[in-house]
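As they're listed, the protein sequences go chains H and L. Using numbering that gives the first Met the number 0, read the first sequence as starting at 0 and increasing by one per residue. Using numbering that gives the first Met the number 0, read the second sequence as starting at 0 and increasing by one per residue.
A couple of the hints might just be wrong.
No copy labels: a pair is met if it fits in one copy or bridges any two.
In silico DSSO-like cross-links for lysine-lysine, where the CA-CA straight-line distance does not exceed 27 Å [claimed, not checked]: (1) 202 / 177; (2) 155 / 65; (3) 170 / 216; (4) 51 / 2; (5) 174 / 160; (6) 160 / 216; (7) 170 / 65; (8) 210 / 51; (9) 210 / 160; (10) 160 / 51; (11) 65 / 83; (12) 51 / 177; (13) 83 / 170; (14) 170 / 2; (15) 51 / 83; (16) 2 / 216; (17) 202 / 65.
Keep in mind the hints are simulated off the structure, nothing from the lab.
Next come the chains, spelled out residue by residue.
2 protein chains.
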Amino acid sequence: MSKPLILVVNDDGITAPGIKALVEAVHDLGEVVVVAPDSPQSGMGHAITINKPLRLREMHLFDGVKSYQCSGTPVDCVKLAVDKVLHRTPDLCVSGINHGSNSSINIIYSGTMSAAVEASLEGIPSVGFSLLDYSYEADFSAAKMYARFVAEMVLKYGQPKHSLLNVNIPKGEFKEIKGLKICRQANAKWEEEYMERLDPMGKPYYWLTGKFVNYDKGQDTDEWALANGFVSVVPVQHDLTAHHVIPLINETWDLEAVANIGNRTAGGEAFNS
Amino acid sequence: MSKPLILVVNDDGITAPGIKALVEAVHDLGEVVVVAPDSPQSGMGHAITINKPLRLREMHLFDGVKSYQCSGTPVDCVKLAVDKVLHRTPDLCVSGINHGSNSSINIIYSGTMSAAVEASLEGIPSVGFSLLDYSYEADFSAAKMYARFVAEMVLKYGQPKHSLLNVNIPKGEFKEIKGLKICRQANAKWEEEYMERLDPMGKPYYWLTGKFVNYDKGQDTDEWALANGFVSVVPVQHDLTAHHVIPLINETWDLEAVANIGNRTAGGEAFNS
Numbered sequence: 000m001s002k003p004l005i006l007v008v009n010d011d012g013i014t015a016p017g018i019k020a021l022v023e024a025v026h027d028l029g030e031v032v033v034v035a036p037d038s039p040q041s042g043m044g045h046a047i048t049i050n051k052p053l054r055l056r057e058m059h060l061f062d063g064v065k066s067y068q069c070s071g072t073p074v075d076c077v078k079l080a081v082d083k084v085l086h087r088t089p090d091l092c093v094s095g096i097n098h099g100s101n102s103s104i105n106i107i108y109s110g111t112m113s114a115a116v117e118a119s120l121e122g123i124p125s126v127g128f129s130l131l132d133y134s135y136e137a138d139f140s141a142a143k144m145y146a147r148f149v150a151e152m153v154l155k156y157g158q159p160k161h162s163l164l165n166v167n168i169p170k171g172e173f174k175e176i177k178g179l180k181i182c183r184q185a186n187a188k189w190e191e192e193y194m195e196r197l198d199p200m201g202k203p204y205y206w207l208t209g210k211f212v213n214y215d216k217g218q219d220t221d222e223w224a225l226a227n228g229f230v231s232v233v234p235v236q237h238d239l240t241a242h243h244v245i246p247l248i249n250e251t252w253d254l255e256a257v258a259n260i261g262n263r264t265a266g267g268e269a270f271n272s
Numbered sequence: 000m001s002k003p004l005i006l007v008v009n010d011d012g013i014t015a016p017g018i019k020a021l022v023e024a025v026h027d028l029g030e031v032v033v034v035a036p037d038s039p040q041s042g043m044g045h046a047i048t049i050n051k052p053l054r055l056r057e058m059h060l061f062d063g064v065k066s067y068q069c070s071g072t073p074v075d076c077v078k079l080a081v082d083k084v085l086h087r088t089p090d091l092c093v094s095g096i097n098h099g100s101n102s103s104i105n106i107i108y109s110g111t112m113s114a115a116v117e118a119s120l121e122g123i124p125s126v127g128f129s130l131l132d133y134s135y136e137a138d139f140s141a142a143k144m145y146a147r148f149v150a151e152m153v154l155k156y157g158q159p160k161h162s163l164l165n166v167n168i169p170k171g172e173f174k175e176i177k178g179l180k181i182c183r184q185a186n187a188k189w190e191e192e193y194m195e196r197l198d199p200m201g202k203p204y205y206w207l208t209g210k211f212v213n214y215d216k217g218q219d220t221d222e223w224a225l226a227n228g229f230v231s232v233v234p235v236q237h238d239l240t241a242h243h244v245i246p247l248i249n250e251t252w253d254l255e256a257v258a259n260i261g262n263r264t265a266g267g268e269a270f271n272s
C-alpha cells in the first residue's frame, strides 16, 4: 500500500510558524506536499481569484517536503494544488495551524477553514486547525500533538462524505489541556464597532474592531469546550440549506399569488436616475 | 407605524445594472438605503477587510434613495452600513441582483450571498437575488418582479431566526418563467481546470476555468427548479455543524487514547529546516 498523500495549506502564509508546526506534526504520516499563500490571507473567507492569473513557485522551506507558494487565496491554493501540483487526489488535507481562533462563527470569515471546506468539496477528507493564540511566537507544541492525533484518526477511520472538521486548540501547555470534545458550533457573533478617524486631508476612514459575543449557553458547543480547557472538534458541512425552513415557507407564503405578479402595475418601475 | 427600513447591497459594485434593478424593485416598499462596493467584488466569498481601513462615500445614483459606495468587500458593506450608516437595524436586507447564478455550491464563493449571510448574522431578515445571465445588458424585468414578491413575503411574514434566502431567477421573459419553488441546495461542484500560459519572461501563470457539474438527481433542488424554468428559493443557515457526524465520531475514534498522546515519542519532532 502506498503512503497517504497529505496536502498542507494555511491562510497565514507559507512562512508562518503555524504551518511549519503542522508540517512537523504530520510529516511522517505520509507523503506531505505544502501549497500555501505567499502572503497573509486572514479573513479572506471563501474568496477565489477570478479576474487575474495565479502564480505558483516551488520553495525549499521544509526538509524533505515539497512546498509551493501561491499568489492567490487559501481556496485558490487548494484548487491549484489539486489541478496542477498533486499527481492524485490526496488522502487528507490539513489546513493551519491558524494563529488565532476559528471557533463558532469565525469559521465563516476564516481562510484556514475555507481552504479545508474547498478540499472537502473536492472529495478530500479535510481538517482545519487553529490555536487560540494570535502571537507570532505562540507555543504550538500541544497543538501539534492534537493535530497529529486528529490526522491519524481521519486517516484511520475516514470521514463522512460532504463533511470536514474544525479543530480549535486552547492556548497553553499540553498538561493544561483537559482532552478533546466533539462539539457543535456555538451561536455567537461579532459585534462590530468601526473606529472612525480623519486622514491628513480631513476625510474619514474606518478601521474594523469588534467584540466577540457568545449567546449560546449550551455545554455541547465549541465555545464551552474551549472555555473549559478542551480541544474542540466541530464536524462541518457545506450543504447550507436550512431544511427545517422549507415547510415553514410552503405553509405561510402567498405562493398562489405568484402567477399574478406579472399583472401588477405597482412596483418595478424604472427610475429617473 | 414607520416605513420598513431596507438595506440594499451587492457584489458587482454600486454602478452595476443589477443593483439598480433591485432598488427599483423594492424602493416603494420602505425607506431604502444602498451601501455597495465601489468596484466589482465577485468571488470574494465572506472576505472581510482587516488590515486596511475602509472608505465610505455618499453617492447620488438613485432618485430619492440614499446611497453610499464603500471601498471594501460586500461583507464589509453590511458591517459598515449597520454600524455607521443606518440609524437603526434594518427590517430587511436585499443583496444583488447578481449578474450570474448563485445556485447550489456557488453560494459559498458568492459575495452577493455572503453579504446576505452577514446581514442575517446581524439579525436582519435577508435575501440574496441572482439572475442566470452574466451579461451586463441582461434583462432584469422578470427578476425585479420576483425580487419584489419575495421582499414583500419576507416583510409580511418575517424570517425564521438564523436563516436567510438564496433566490435564483432563470433567464428570460416573465411569461417564460413557470413560477417559484422552495428548494434545497443541490449537491453540485465546480471541476476546475487551470489554463496554463507562459508570460513574456517564460514563466508560467494560471487562469481559473471550470465546469459546473450537478451530481444531484433530486427534483427538490435549486438546480432542478432552474433547469425546469422555475425561480429557486433556498432557505440558508449559518450553523455549519454537521450534527449527524457528531455521534459517528464519538462511536469510532480512539478517544480514550487522547490522554496518552503527550507520552508518545513518535511525531511532532521539530524539523531541520
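Which holds for residue 160 with residue 216 at a C-alpha limit of 27 Å: within a copy, between copies, both or neither?
-> between (30 Å within a copy, 17 Å between copies)
If the cutoff is 27 Å on CA atoms, where do residue 65 and residue 83 land: within, between, both or neither? Let me know, please.
-> within (14 Å within a copy, 47 Å between copies)
Can you tell me if residue 170 and residue 65 fall within 27 Å by alpha carbon in one copy, between copies, both or neither?
-> Answer is neither; intra-copy 30 Å and inter-copy 46 Å both fail.
When no copy is specified for residue 155 and residue 65, does a C-alpha distance of 27 Å or less occur within a copy, between copies, both, or neither?
-> Close inside one copy (24 Å), not across copies (57 Å); limit 27 Å.
Copy assignment of residue 51 with residue 2, given that the CA separation must stay at most 27 Å | neither (36 Å within a copy, 43 Å between copies)
27 Å Cα threshold - placement of residue 177 relative to residue 51 | Neither: 46 Å inside a chain and 38 Å across chains, both beyond 27 Å.
Identical-chain pair category, residue 170 with residue 2, by Cα at 27 Å | neither (32 Å within a copy, 49 Å between copies)
Within a copy, between copies, both or neither: where do residue 174 and residue 160 come within 27 Å Cα-Cα?
-> Neither way: residue 174 and residue 160 sit 34 Å apart in one copy and 40 Å across, limit 27 Å.
Alpha-carbon proximity context of residue 51 and residue 83, limit 27 Å | within (17 Å within a copy, 32 Å between copies)
Is it within, between, both, or neither for residue 2 and residue 216, if the alpha carbons may be no more than 27 Å apart?
-> neither (44 Å within a copy, 35 Å between copies)
Identical-chain pair category, residue 202 with residue 177, by Cα at 27 Å = neither (51 Å within a copy, 50 Å between copies)
If the cutoff is 27 Å on CA atoms, where do residue 83 and residue 170 land: within, between, both or neither? Let me know, please.
-> neither (36 Å within a copy, 34 Å between copies)
Of the numbered hints stated above, those contradicted by the structure are hints 1, 4, 5, 7, 10, 12, 13, 14, 16, listed in ascending order.
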